[in-house]
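Peer 1: Protein chains in written order, with the numbering used here: chain A, 1 to 317; chain B, 318 to 661; chain C, 662 to 940.
Hints are computed from structural coordinates only; laboratory data are not their basis. Be careful, since some hints might not be right.
Stated by the list, open to error - Output of the computed footprint for chain B on chain A, the stretches with three or more beta carbons under 8 Å from beta carbons of chain B:
hint, stretch
1, 30-44
2, 57-69
3, 206-212
4, 234-240
5, 266-272
Claimed, not checked - Between beta-carbon pairs, the in silico distance windows are:
hint, chain 1, residue 1, chain 2, residue 2, range
6, B, Ala597, C, Asn845, 24 to 34 Å
7, B, Gly578, A, Gly29, 54 to 64 Å
8, A, Leu143, B, Pro379, 49 to 59 Å
9, C, Arg801, B, Ser489, 56 to 66 Å
10, A, Gly221, C, Asp833, 47 to 57 Å
11, C, Asn664, A, Tyr197, 37 to 47 Å
12, A, Ser179, B, Glu348, 19 to 29 Å
13, B, Pro399, A, Thr176, 54 to 64 Å
14, A, Ala137, B, Glu348, 21 to 31 Å
15, A, Ala137, B, Leu547, 29 to 39 Å
16, B, Ala597, A, Ser199, 28 to 38 Å
17, B, Asp333, A, Val142, 40 to 50 Å
18, B, Glu397, C, Ala699, 19 to 29 Å
19, A, Ser151, C, Asn664, 23 to 33 Å
Where a beta carbon is used, it is the ideal one built from N, C-alpha and C, also for glycine.
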Amino acid sequence: MPDRSERIREAARTLLRKNEVELVIGFEGGTLPLHSTPCFIRKEGEVDRLVWNSFCDNNVSKYLVKRQERIALVTKGCDSRTVVELIKEKQLSREQVIIIGVPCQGLIDRRRIEGKREAREILGAEEKDNQVVLKGAGWTDVLDRDKYLHSSCQACTHRNPVIYDILVGEGVEEDTGDSFSDIAEFGTKSPQERWNYFSHEVDKCIRCYACRNACPLCYCGECFVDRTRPQWIGKTTEISDTMIFHLMRAFHMAGRCVDCGACERACPMGIDFRKLTRKLVHDVKELYGYESGTSLDEVAPLATFQPDDPEEFILSP
Amino acid sequence: MKPKILKKRDSARFLDKLLREYEVFAPVKREDLVVFGRIHSGKEAFLDYMNSKMPPKEMLFPQLEILFTYTSIDDPSKIETPPSAGKPRLLFGTRPCDARNSLLLDKVFDGEQYKDTYYRDRRAPLVVVGIGCIQPCPTCFCTSVGGGPFSREGLDILLIDIGDDYVAQVVSDRGKKLLERRGLEDAGADKLSLVKKVIRDAEASMTSEVKIDGLAEKLAEIYDDPIWGLLTEKCLNCGVCTYLCPTCHCFDIVDEARDSGGKRIRIWDTCQFPLFTLQASGANPRPTNKERLRQRFMHKFKYFLDNYGQIGCVGCGRCVRECPVNVDIRQVLTVLSNRLEVAP
Amino acid sequence: MRNPYLPLPMRIERVVVETDDRNIKTFSLSFFHEEDEANFTYIPGQFAELSVLGEGEAPFGMASSPTQPGRLEFTVSKAGVVTTALHNMEPGEIIGIRGPLGNGYPIETFKGKNIVIIGGGFGFSTLRALTNYMLDSHHRNSFGDISIFYGARSPGLLLYKDELQEWGRRKDLGLYLTVDRGDNGWKGRVGVVPAIAKEVAPSAENAYALVCGPPIMIKFTLPVVHELGFPPERVLLSMEMKMKCGLGMCGRCNIGHKYVCRDGPVFTLAQLNQLPQEY
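Extracted from the complex, chain A is given alone in its bound form:
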C-alpha cells in the first residue's frame, strides 16, 4: 500500500496553517499491533501523528455530527459515502468539512489474523509492500495482505472517495460491481434455516451497542432502544429482545447503510451483521435503483415517495 501518510500530513499541515479548518480528524498509530486509532489534531505541530495504513479501519465520519468547527476528515471510500448521507440528512453542511480523500486498498481484519494465532500472542506487526509481517515470542509470520482483508473490503465497490476536496494519491481500481452472490445464496435456504442462522448470531449479543455507536449514521439523540414511553424493546440479552434490536436497527439503516463494516468490526462477539444489512442494501437497489452515499443530489428512497414506487407488498402481501 503506497505510503499516503506523508501526503495526509502535508494536507493537514497546510489546512491548519491557513486556518481553513480548526480540527483534523484522522488516524494515528494504536497502542497494540494491528491497530490504528482515531485521532484529533488541532495544532500544526501535531500533524506528524497522522498515519495511513491497513489498520485504519474505524469510520471516522462518526465524529462529524454535532460539531461546530470546520473539520478536515481523512476519508476513505466507504467513509466518504457516509459523509454524503450525513450531509443529505442535514447532520452537517458540505461547507463545514474538507474531505481529505484517501483511495483505499482495503483494510486488514485483525480478528481473523488473531483468531488464527490462537495461543500465540502477536507482539508486533508491520506492513511491507503487500504483506504483513507478524512477530511473536520466538516466531515470525508473513501474511499476504489481500487474504486477510475485512469482508466488507472484499465486497467494496467504492474504494475511491466519491467526494473529496483533496485527494492524497492516485485512484485505485474499483471492483466491477457487487454481485450480492452471498445474499442470493443465503436466500436459497429455507426460512427455518435462515431463522436459525440469525438466532445463532444474535444469541452472542451482549447489548453493548458497539455496533450502533460505531455506525456514523446512528446519531439519534434518543435511540429506540432507550425510549421508555412507550418502551419498544426490552433491555435484556434474551433472544426476543436482541433479535428485535438487530432487525430494527438494520431496517433503520435501509437505504442509508453504505456497508462500511464499522458495526462488524466493533462487535466484540463477532456477530455477522452484514448478512442483514447487505440484504437491505441489495433490496433497496433492486426496488428503487438506489445506492446510498454516492450522490449528494439523490434523495434516499425511504425519505421520499415516487408515484411509481413498487407497491406489490401493499396489495398482495
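Dock chains B and C against chain A, hints included.
Peer 2: Just chains B and C, lined up with the frame of chain A:
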C-alpha cells in the same frame, strides 16, 4: 495438603468425575471465540487458551437475573423469588485475574450495611479452580494492580502448567476437599522446582506496567483538567469495556409485565451509556462522553479505592484489546499520572 | 437473611392533589402487616423505593414524620414511567415499598440549635417531614428557633397548603412564604426564595441551614447562606440523583465516591465540597 499432579491428558476424565457432583463451567470454544460455558463432558473444556472473550463474571453476577416474579399486581404477597440452584457449581480453568474479581465484588454486594442475597447464594458454594498464566499477554497488567499471573486470591485450587502436567496447589479447605481421594499423585521435588521456574519466568515476562502509586490523589487533583476532553474524544460510549470487565458491577432494575403477571429483573448497565444518569427532568450530570469515560477511570482507580480499600481493576487487559477505538487504559493512566497540574 | 430487593405491600389510603397543574400529588400509604409497620422506623430525610409492579420502582423522600404514626406519606411529581403510573392510581390500590433508605437528617446534632429551612418547589417534601418532626410537642423544646423559607413558582404550585396555613398561625416558628409570580388572590411576598432569605437575613449563630430545591435555587441560595455566615459544616443539602437499587450496589447515584442512596441523600456542604464537582 501437598500439591498434586494432574496430568493434562487426564484432565478431561478428571472433569468427567467432577461432573457427577457439580455443574461444571469451563472455557469452551464457540467458533472463533473462547467463552465460559457449562460443560457436560470433560472433553468440551478448552484449556489451552490465553483468556476468554468474556470473563466468568456471570457465575457470580449474571447479565440477566430475575429478582422476583409476581402473578398479580394487586397482591404483592404473591411475589416469588427464583428457586435456588440445584447441584453445587464449579468453575474450572479461570485465570487468576478473573478470579480476583470476587474480592472486589464481595465489597459491593456483601457489604456491612446491605447484603445482596442473590450474589451471596451464588458465591458461597462456588468452587473455583484457576490456571496460572505461564505466558502473560502483553496487554496484561495484573501485577500493577495487586494481582499476578499466579495469584491465588479468589481460588480454591491453583493449577500450574509445567508442560505435560498441571501441579495443583490447594488454596482453601474447599479445594482440599475437592482433591482428596481423587487418586492424584503428590508432586515430586522435580515438578515443584519446575513450578518455581515457570512462575519466575512468567512474572519476569510481564511487560505492561501502570504506575498506581499516587494515582488516586493525582486523579482527584486533575479532575477538571482539560486533558480529559482530549483523552476521551474518540470514545464511542459503547458498553464493550464495561461488559467485558471482570469487576464492573453496575446494573439496572426493570419490570417486565405480561398481562397481570410479570417479573422484576436486574440487567447489566454501564456508566458509559448516556441513559445511566439521565434524570426524568431531562437533566444529565454526565452529559458527554468526557464525563462518562472520566467516571470510569475515577471509579476504578479512586472511588472504589476510597470506598473499599482496593483498586477496582484486576489488569486483565480485555478493555485494551476489545475497545473498538483503542482507548487504552494503560495509556490513559500513564498520561494522567504524568500530568502536571494545569495552572488555573 | 432478608432479601433487600423485595418490596413490602402497602395500600394507598388517600391521594391529595397538591398543585393546581395536578402534576404533584401526595400519597398516604398504610402497611398490610403490622410487623412491617413496626419494623419501618425512619427519620426525616430518608427515602424509600416505591414499586408499581409491572412499571418499576422509583425513590421518594419521606414526606411524613415518624411522629405521625399510622401513615407514610410521599409527594410524587409526575415525570416518568413510575410516577405517571402512580398518578393514575386511586385509594385502595396496592403498591410496594422498600426502605427506609439513606441517612436522613442528623437530628441529634440539631438539638439545641436554631434551624433555618430554605426550600423550593418540589424539594420541600422532606423538609416538611423534618418540620413536622421538630414541631411535634415532644420535640419542639429540643430545638431553638425555627425559620422556614419556602416558595414555588406560583401560588398554585405551593405544596401542603393547609399545613402552611397552620404553621403560619404558630408562634414558635417563623414562616416566610414567597412565590416567583403572584396571582389575583395572592397577598403574600413575591420574589425568589434566595432573595427572601437574604432580605430576612436569619442569624447563622448556633444555627444550621437546610437547603433543598431545584438546582437553580440551590445555586443562588448557597451564596446567600455563605454571606449570612453559615460555615459549610452547618449547611445541609439533600441531593437527588437517578437511583435504582437504593443500596449502593448498582453504581448509578454516585457523586465521587459517595453514593447518594447510601451515604446521603443528606450531605453537608463541607462534604460536597470534597467531592468532584460533577453537578
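Peer 1: Hints first: check each against the structure and report whether it holds.
Peer 2: Hint check:
no., hint, verdict
1, 30-44, "holds (count 9)"
2, 57-69, "holds (count 3)"
3, 206-212, "holds (count 6)"
4, 234-240, "holds (count 5)"
5, 266-272, "holds (count 4)"
6, Ala597(B) to Asn845(C): 24 to 34 Å, "holds, 32 Å"
7, Gly578(B) to Gly29(A): 54 to 64 Å, "holds, 56 Å"
8, Leu143(A) to Pro379(B): 49 to 59 Å, "violated, 39 Å"
9, Arg801(C) to Ser489(B): 56 to 66 Å, "holds, 58 Å"
10, Gly221(A) to Asp833(C): 47 to 57 Å, "holds, 52 Å"
11, Asn664(C) to Tyr197(A): 37 to 47 Å, "holds, 41 Å"
12, Ser179(A) to Glu348(B): 19 to 29 Å, "holds, 26 Å"
13, Pro399(B) to Thr176(A): 54 to 64 Å, "holds, 57 Å"
14, Ala137(A) to Glu348(B): 21 to 31 Å, "holds, 26 Å"
15, Ala137(A) to Leu547(B): 29 to 39 Å, "holds, 34 Å"
16, Ala597(B) to Ser199(A): 28 to 38 Å, "holds, 36 Å"
17, Asp333(B) to Val142(A): 40 to 50 Å, "holds, 42 Å"
18, Glu397(B) to Ala699(C): 19 to 29 Å, "holds, 25 Å"
19, Ser151(A) to Asn664(C): 23 to 33 Å, "violated, 48 Å"
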